[in-house]
Amino acid sequence: MSSNSSSQSPVKTTGLHIGDAAPGVAKVDPIIIADNVTRTFGGLKAVDVEHVEIPRGAITALIGPNGAGKTTLFNLLTGFDKPDTGTWTFDGTRLNGIPAFRVARMGQVRTFQLTKALGLLTVLENMKLGAQKQTGENVFSSLLKPLWRKQEVEIEERAMEILARFKLDTKKDDFAASLSGGQRKLLEMARALMSSPKLVMLDEPMAGVNPALTQSLLDHILNLKTEGMSVLFVEHDMHMVRHIADWVIVMAEGRIVAEGDPETVMQDAAVIDAYLGSHQDVDLGVVTGRISGEKTAEVEDLLAEIDAEVGLTDSSAYIADTPTDDTAKEEDTK
Amino acid sequence: MDWEAILSNTASWLISPETIAYALAALGLAVHFGYGGLLNFGMAGFMALGAYGYAISILTFGLPWWAGILVGCLASVVFAFILGIPTLRLRADYLAIVTIAAAEIVRLLFTTQVFDAVTNSADGLGNYHEGFRAANPFPEGTYGFGPWTYNANGWWVRIFGIGLLIIAALLVWLLMRSPWGRVLKGIREDEDAVRALGKNVFAYKMQALIIGGIFGALGGVVFALPSAVVPSVYVTSLTFFIWTILLLGGAATVFGPILGAVIFWVIMGFLSNVLPAMASSGLLPFMSTTQAATLRFIFVGLALMLIVIFRPQGILGNKKELTFVKQ
Amino acid sequence: MSSPHSVPAPRRARTILLFFALLFGALILQSASAAPAQADEVGTEYDFYFAGNVKYDSEPLEDVNITVEGNGYKADVDTDAEGKWKIGVPEKGTYTVTLDEETLPEGVIVAEGSASVESEIALTNSKIVNYFLGEGVRETTSFFDQFVERTVNGLNFGLLLALAAVGASLVFGTTGLSNFAHGEMVTFGAVMALMFTNLQLPLWAALPAAVVMSGVFGYVLDTGLWRPLRRKGIGIVQVMIVSIGLSLLIRYVYLYFIGGGTYQLPGAGEAGINLFGSVTLSITDMISMATSAVVLLAMAWWLVRTRTGKATRAISDNPSLAAASGIDVDRVVRIVWILAGALAGLAGILWAYFRPGIKWDMGTQILLLVFGAIVLGGLGTAFGALLGSLIVGLLVELSTLWIPSDIKYVGALVVLIGVLLVKPQGLLGRKERIG
Ligand SMILES: Nc1ncnc2c1ncn2[C@@H]1O[C@H](COP(=O)(O)OP(=O)(O)OP(=O)(O)O)[C@@H](O)[C@H]1O
Ligand SMILES: [Mg+2]
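Residue numbers (UniProt numbering), protein chains in the order written: chain A, 1 to 334; chain B, 1 to 327; chain C, 1 to 435.
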């Protein structure tokens with residue numbers, strides 16, 4: 001089932017939208033329709049989407065600068081977070097207030113920006129966990145192996161098939177914790193496929209994957225489309241987006257600022273303005289700060305204050321600058 | 001020092017009701033923490049509910065002994081729901097704090113004068129043995145060999161307890177090799193990932209909490225069977241001893257909790273005999289016999305720290321399968 | 001404690017050993033003199049005793065509670081079926097013998113004299129105390145007076161709880177550790193105060209010395225245990241369980257040295273000054289509240305104004321970022337541990353006066369209230385912990401207006417669970433990020 005598309009340019013799906021490509025444009029066959037979705041953290045409006053439609057049977061890229069609200073939008077659409085306002089439907093079903101696991105069961109699976117491999121389960125167990133409607137997952141029938149043995153064998157076959165495609169089959173008995181970062185990304189994606197989803201949502205699938213693997217990852221994503229799934233993915237690397245996306249949605253400061261096919265969106269003034277700035281030639285994948293924490297406004301203020309007082313950011317200088325009688329002073333306050 | 005008596009006393013702890021009771025509770029904790037990653041620090045509460053459920057249904061409501069056991073288990077199921085509904089959706093450390101608080105609530109409610117008529121407050125309950133002893137299939141008399149010589153009632157309690165323990169261990173083994181167990185272990189690793197795969201994480205955690213809680217309650221029942229129910233037993237220290245046992249044996253194993261309980265009680269039994277004996281024969285200067293007896297609890301604390309730091313997988317755990325890789 | 005980070009490792013280890021050796025040496029000295037004082041038969045090991053017989057209309061009254069208090073000693077007992085009671089005391093002197101009128105049957109009161117009498121064992125080894133009971137209605141304090149008194153008590157308790165909770169919360173914020181041994185750090189202050197007063201140090205020296213020792217204790221724990229564990233990169237749950245082991249260890253070390261009895265610090269349980277109505281407040285209570293308030297204000301100032309304080313908050317907010325911005329996380333954490341130790345120790349001393357009494361396992365009681373306060377305020381925010389403590393303190397004391405005092409902690413713990421239901425991130429906390 002492996003694809004040879006690495007050598008040639010992938011076939012783009014076109015004619016997805018109705019009317020002019022503008023933020024919130026209607027699609028011919030949308031799989032997700034969201035209206036008026038907002039989410040605020042404290043005073044910060046992380047997501048503020050008036051209207052957006054995700055096309056079916058195509059690969060849609062969601063791009064935007066760091067902190068644009070892409071992950072937050074993912075969380076909202078998949079039920080991992082609750083919006084302040086808004087409604088959205090998946091495949092015609094309203095999803096408001098539906099818990100995340102139900103959303104996943106409907107065929108809308110996601111991966112996470114910070115990979116969530118289940119470290120102390122083997123690669124194969126990770127895969128099997130992805131399968132839906134398992135008899136043996138019921139607490140009572142789990143006690144009687146004959147009830148689920150046959151299904152387990154089928155699931156294992158499917159898992160091995162997908163693992164082979166992702167070239168992870170030799171690692172099936174290793175703990176997921178022993179995989180490399182890139183392999184974990186692959187595993188997470190493979191695991192998501194075990195549920196035969198309708199829509200796959202990938203949050204930065206390429207982040208941390210070595211260049212040798214990116215090509216095969218791209219092929220996997222393209223394969224999903226060939227198999228009839230829809231894909232929505234977040235990516236900072238513009239080359240990749242240009243290469244595989246059929247449609248691009250651009251977010252900035254929580255809003256959707258542009259939509260269109262890759263070539264035209266890259267030329268869009270709003271995009272260049274909001275996102276690319278003057279660094280259009282820089283590979284943005286490099287610029288992305290993939291540190292674990294997010295700077296909140298409060299931390300920044302505190303750090304600024306500290307910096308202002310110390311006048312230094314160098315750590316060794318900071319220690320030297322710190323009088324040891326500080327400790328004694330603290331004791332005095334008793 | 002009378003070594004023969006010391007060794008014989010020590011050996012008798014191998015199958016003492018306390019050992020069996022702690023093993024059951026530790027097995028419950030293995031389901032909670034070892035497999036499910038649930039930080040339950042309220043095991044003493046589950047045990048208290050089992051013991052009191054048993055004693056009160058017999059003494060106050062005149063139920064037969066087996067119904068008393070069922071009531072004890074039922075009480076722990078209700079307790080699991082009360083604990084689980086508010087906290088299972090929250091962070092792991094909230095569950096820790098809520099469970100330990102809830103167990104204390106349970107203990108205080110059994111201790112208070114308010115319900116004295118039913119609970120006999122701080123003095124606890126006794127004299128509920130009739131029904132259970134009447135059901136004893138073993139012949140009258142005292143028999144056995146060496147340190148394991150008991151009367152008919154002694155054997156009945158032990159065999160009954162061991163039977164419960166075997167059933168519990170079998171259940172855990174069946175559950176954990178099944179897809180259900182796989183989901184539970186997945187939740188231990190990262191519940192959001194499991195949620196994203198379409199599993200009802202909350203329901204699984206609740207089921208695990210209930211199953212482990214029932215084992216805890218059964219432990220409480222076995223603890224109560226031969227003697228009495230006293231509220232001061234069900235303090236947080238009891239919970240922590242169960243944790244020590246679990247981590248000693250191996251958290252994510254079926255036999256670890258049982259092995260842990262046996263080792264724990266045999267060593268405790270040994271020390272409780274040998275330390276005071278050493279103190280009174282002058283081998284431990286500057287120490288009264290009471291102090292010498294206290295010493296073993298100090299060792300428990302120390303042992304718990306050392307196990308967790310240096311061998312977190314316990315005796316039976318797989319070196320690679322550290323339960324604690326998560327930061 | 002000058003420039004602790006420059007002490008080379010072996011020397012530091014030796015310092016720690018020396019510290020503990022001295023500590024336990026001192027404890028051994030006094031464990032000889034202080035024998036455990038609690039048994040079923042109260043105080044039978046002593047040579048001197050108070051005794052009496054409680055009768056009404058020539059009928060003996062059972063289960064009437066009698067308390068003997070004085071000379072740093074306190075014990076109580078219930079009368080037996082014959083109405084008899086006996087309480088042993090360690091030394092001759094004047095004691096307050098109190099009959100708890102609440103435990104008398106309905107309609108019976110102490111008719112002549114007071115329910116609380118001063119009585120002296122001077123020449124003989126024993127003293128008989130009898131009460132004249134009669135028919136009558138107990139004079140009860142008005143609800144308003146009770147309410148005011150409980151509120152004041154609640155504030156007092158809440159403030160001292162806040163001392164412990166703020167420390168624990170700072171530790172949680174900077175290291176992520178839910179420290180189950182924090183209760184034992186509270187007990188430590190009380191035990192040190194007991195030790196120093198037993199060594200005949202005057203109170204004004206003994207109590208500050210105990211607080212300083214508690215700070216040193218915090219430092220020792222960080223240097224000897226927590227920092228090496230952080231270095232080892234041990235997981236958060238694992239460290240939490242280590243703290244449980246430590247809590248067991250320390251708790252039983254206390255039992256080893258001071259035994260199972262309850263001990264009083266000098267000046268504990270002194271009579272209150274009547275403020276108005278039936279509202280009384282003792283000097284100790286006033287000093288205690290003032291101390292807590294001043295120290296908490298100082299803490300707040302430290303957190304908001306000083307560089308280290310700000311760094312502490314920055315680390316609580318985002319450790320990796322703070323470290324990346326050049327904050328010496330290890331140093332800040334060390335200071336936090338010292339502060340947490342000193343604050344907990346102070347809380348322990350004040351609590352020993354509030355309860356009153358020092359007991360080896362008193363820490364387990366307060367630990368849950370500390371956790372409750374922290375969760376209530378939102379994990380890891382110091383000001384949340386302060387607010388949470390005041391609420392818990394008031395709740396515990398005010399709830400006794402309606403529920404029996406032996407389940408007064410239940411109310412606070414139930415509220416804790418309730419708050420989690422409604423507002424899982426606590427009153428001042430914020431939500432976590434997913435994905
Ligand atoms: N749980 C939270 N609490 C507070 N603020 C949050 C939370 N989650 C997200 N934010 C804020 O919302 C904004 C959007 O964050 P989000 O993670 O959605 O950005 P993103 O587009 O995925 O960025 P990146 O490309 O860096 O992954 C950011 O400013 C972030 O700090
Ligand atoms: Mg993101």
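Just so you know, the hints here were simulated from the structure itself, not pulled from any lab data. Careful, some of the hints might be misleading.
Derived pair list, reagent style DSS-like, types lysine-lysine, alpha-carbon separation capped at 25 Å [what the hints assert, rightly or not]:
id: 1; chain 1: A; residue 1: 82; chain 2: C; residue 2: 423
id: 2; chain 1: A; residue 1: 145; chain 2: A; residue 2: 198
id: 3; chain 1: A; residue 1: 198; chain 2: A; residue 2: 82
id: 4; chain 1: C; residue 1: 423; chain 2: A; residue 2: 45
id: 5; chain 1: A; residue 1: 167; chain 2: A; residue 2: 145
Examples of chain B residues lying across from chain C (beta carbon under 8 Å, computed) [as the list claims (entries may be wrong)]:
id: 6; residue: 266
id: 7; residue: 268
id: 8; residue: 271
id: 9; residue: 308
Where a beta carbon is used, it is the ideal one built from N, C-alpha and C, also for glycine.
Structure-based check of each hint:
{"no.": "1", "hint": "82/A with 423/C", "verdict": "holds, 15 Å"}
{"no.": "2", "hint": "145/A with 198/A", "verdict": "violated, 31 Å"}
{"no.": "3", "hint": "198/A with 82/A", "verdict": "holds, 22 Å"}
{"no.": "4", "hint": "423/C with 45/A", "verdict": "holds, 22 Å"}
{"no.": "5", "hint": "167/A with 145/A", "verdict": "violated, 30 Å"}
{"no.": "6", "hint": "266", "verdict": "violated, 19 Å"}
{"no.": "7", "hint": "268", "verdict": "violated, 13 Å"}
{"no.": "8", "hint": "271", "verdict": "violated, 12 Å"}
{"no.": "9", "hint": "308", "verdict": "holds, 5 Å"}
Of the hints listed earlier, those the structure fails to meet are numbers 2, 5, 6, 7 and 8, in rising order.
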